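*Asks:* All chains should be modelled from the sequences, with the hints used to inform the complete structure.
As you go down the protein sequences, you meet chains A and B in turn. As numbered in our numbering, residues 1 to 227 make up the first sequence, in order. As numbered in our numbering, residues 1001 to 1222 make up the second sequence, in order.
In short, the hints are calculated from the structure, not lab data. Warning: the hint list may mix true and false statements.
As the list claims (entries may be wrong) - Just some of the chain B residues that point at chain A, by a computed CB distance under 7 angstroms:
(1) 1074
(2) 1183
(3) 1195
(4) 1198
(5) 1199
(6) 1200
(7) 1203
None of these values were measured; they are calculated from a predicted model. All residues carry an ideal CB built from backbone N, CA and C; glycine is no exception.
The residues making up each chain are set out below.
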Amino acid sequence: MSLQLDFPAVMERWPSFLAGAALTLELAFFATLLGALIGTLAAVGRGSRSSLIAGACKVYVEAIRNTPLLVQIFLVYFGLASLGLKFSAFTVAVAALTINVGAYTAEIMRAGFEAIPRGQIEAAEGLALSRLQIYWHIILLPAVEKVYPALTSQFVLLMLASSVCSQISAEELTAVANYIQSDTYRAFETYIIVAVLYVILSLVMRAGFWGLGLVLFPRRRRLGTPL
Amino acid sequence: MGGHLNINHLIFLGQGALWTIGLSVIALIGGGIVGFVIALARISPLKPVRIASAVYVQLVQGTPLLVILFLGYFGLAAIGLKVSPLTAAGASLTLYVAAYLGEIWRGCIQSVPKPQWEAAEGLALTRTQRMIKVILPQAIRIATPPTVGFMVQIIKNTSLASVVGFVELMRSGQIVNNSLFEPFAIYAIIAVTYFAMCYPLSLFSQRLERRMGRGRSNLAPA
Chain A
1 MSLQLDFPAV MERWPSFLAG AALTLELAFF ATLLGALIGT LAAVGRGSRS
51 SLIAGACKVY VEAIRNTPLL VQIFLVYFGL ASLGLKFSAF TVAVAALTIN
101 VGAYTAEIMR AGFEAIPRGQ IEAAEGLALS RLQIYWHIIL LPAVEKVYPA
151 LTSQFVLLML ASSVCSQISA EELTAVANYI QSDTYRAFET YIIVAVLYVI
201 LSLVMRAGFW GLGLVLFPRR RRLGTPL
Chain B
1001 MGGHLNINHL IFLGQGALWT IGLSVIALIG GGIVGFVIAL ARISPLKPVR
1051 IASAVYVQLV QGTPLLVILF LGYFGLAAIG LKVSPLTAAG ASLTLYVAAY
1101 LGEIWRGCIQ SVPKPQWEAA EGLALTRTQR MIKVILPQAI RIATPPTVGF
1151 MVQIIKNTSL ASVVGFVELM RSGQIVNNSL FEPFAIYAII AVTYFAMCYP
1201 LSLFSQRLER RMGRGRSNLA PA
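*Replies:* Shown next as structure tokens:
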């Protein structure tokens, strides 16, 4: 057994690594935004009085949570193609990741909604707040505040899962690595560098969400509750 | 291209599904053993052990499984070992599952009420006795629902082993697709198969969780 590592040969390609890392962050950013939106809608939908809407949302959540992301990506990729629609790999990747993370976000948000005491909603009704005001001030914002830590780790996991998009050749970090290793024959070194980059990306995302939490939930900061 | 989906294709997909289950079991057992050690190391009285295990967990949880699989596959080759895709996938999944199960189980061990530790200490049990006779039996009860839930993640994540050439369900689907070229139909079949394997576990985990919730509320003082 002998191990010889040659990092300089791989590090020459640092612009490609950086471009891949940037695209990974970009993928994560769009999928997080859209996924948060879809997930919140699905969570609201599951509590709907119409059993059709509630049922559809439940089917969506369970179908996504019980199948692998890799399969979902291929289904979206070939599904859109068989409908005759041509999109860039990036768009397909964002779509698939959004559909995926939306289902997990829905479950987290539902837990947040369920943690809102009924009495607070009744109190808001007593104060004659409109339905929209109740949803926004009494239900949505406090629920997000409660589940914020779970939501943010979900989004960090999404960023890591976006590596799977390399399989439909979206040019993100793992796809760049696959290309560089087949070009330089330095597979082990390449993936070590990529692993380090992913660890840095997740630390950056965690720090970003932590800072965002301080800005979004000043009440929490005053109370001194850890995020 | 080459004809329609026939019984031989379905048998091939079925074999892939069996390998998915096989690889999941390997990952669960391997990851469970290493994960248990990680969980204990995370709450060890020795600081270096605590730090080392925390670093391990942070590194693995900050890296995508896909990259860990590539590292396992090419890393073992780089130190001169010729490994089969099964070995590489099994080893990588073990490392990955261990980090997550270790954290889940650490949480479960630490959620055993503090007075239980103190009472066991008051009975002059050693640390090992306290762990085995008092804490772990209660922790296992708490840990069962999340562990069953995590098995769903393991099954889904074995699909990534297809990228290092291990012929489980996903890879066998890709192979069938290469000869038929009906990707949407084939990946739909594969999605349904994964769902059939995962959904019963999800339901079971939810039921366990509800039952435990009820059990706890019964125990709570009025």
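*Asks:* Now look at each hint and say whether the structure bears it out.
*Replies:* How the hints compare with the structure:
{"no.": "1", "hint": "1074", "result": "holds (4 angstroms)"}
{"no.": "2", "hint": "1183", "result": "holds (4 angstroms)"}
{"no.": "3", "hint": "1195", "result": "holds (5 angstroms)"}
{"no.": "4", "hint": "1198", "result": "holds (4 angstroms)"}
{"no.": "5", "hint": "1199", "result": "holds (5 angstroms)"}
{"no.": "6", "hint": "1200", "result": "violated (9 angstroms)"}
{"no.": "7", "hint": "1203", "result": "violated (9 angstroms)"}
When held up to the earlier numbered hints, the structure conflicts with 6, 7 and fits the remainder.
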